[in-house]
Amino acid sequence: MDEKTKALANDIIEECQKQGLSFKQMEILLLNLSMQLQSAKKKLTKSIEETKVKLKPF
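Under my numbering, read the sequence shown as residues 338 to 395, first letter to last.
Hints listed in this document are in silico derivations from the structure and should not be mistaken for laboratory results. Heads up, a few of these hints could be off.
[Unchecked claim] Below, in silico cross-link-like pairs of lysine-lysine (BS3-like), each with a Cα-Cα straight-line distance of 30 Å or less: (1) K361 with K379; (2) K380 with K343; (3) K341 with K380; (4) K378 with K361; (5) K380 with K361; (6) K343 with K378; (7) K355 with K341; (8) K343 with K361; (9) K389 with K379; (10) K389 with K378; (11) K355 with K343; (12) K361 with K341; (13) K378 with K341.
[As the list claims (entries may be wrong)] Just the calculated beta-carbon pair ranges, DEER-fashion: (14) M338 with N369: 19 to 25 Å; (15) K383 with L358: 32 to 38 Å; (16) L367 with E387: 26 to 32 Å; (17) S384 with M363: 28 to 34 Å; (18) K355 with K379: 30 to 36 Å; (19) I350 with Q375: 19 to 25 Å; (20) K380 with T342: 18 to 24 Å.
Beta carbons: idealized from backbone N, C-alpha and C, even for Gly.
With these hints in hand, go ahead and build the complete structure from the sequences.
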C-alpha cells in the first residue's frame with residue numbers, strides 16, 4: 338500500500354471514530370464500499386467489452 342492510500346485509510350478511520358462508529362459499523366461500511374467498488378468494476382468491464390466488440394445488448 339502506498340503512502341497516499343495509507344493516509345486516506347487513516348483519515349477514514351479517524352472520521353469513523355469521530356462519528357462514534359463501532360467496529361461492527363465500520364466493518365459494514367467497508368463491506369458496503371467493497372460491494373460498490375465491485376459493481377463499478379463490473380460496469381466498467383462490461384462497457385469496455387461493448388466498446389471493443391461494438392455490440393449493445395437488446
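Against the structure shown, which of the earlier numbered hints fail to hold, in ascending order? Every hint satisfied by this model.
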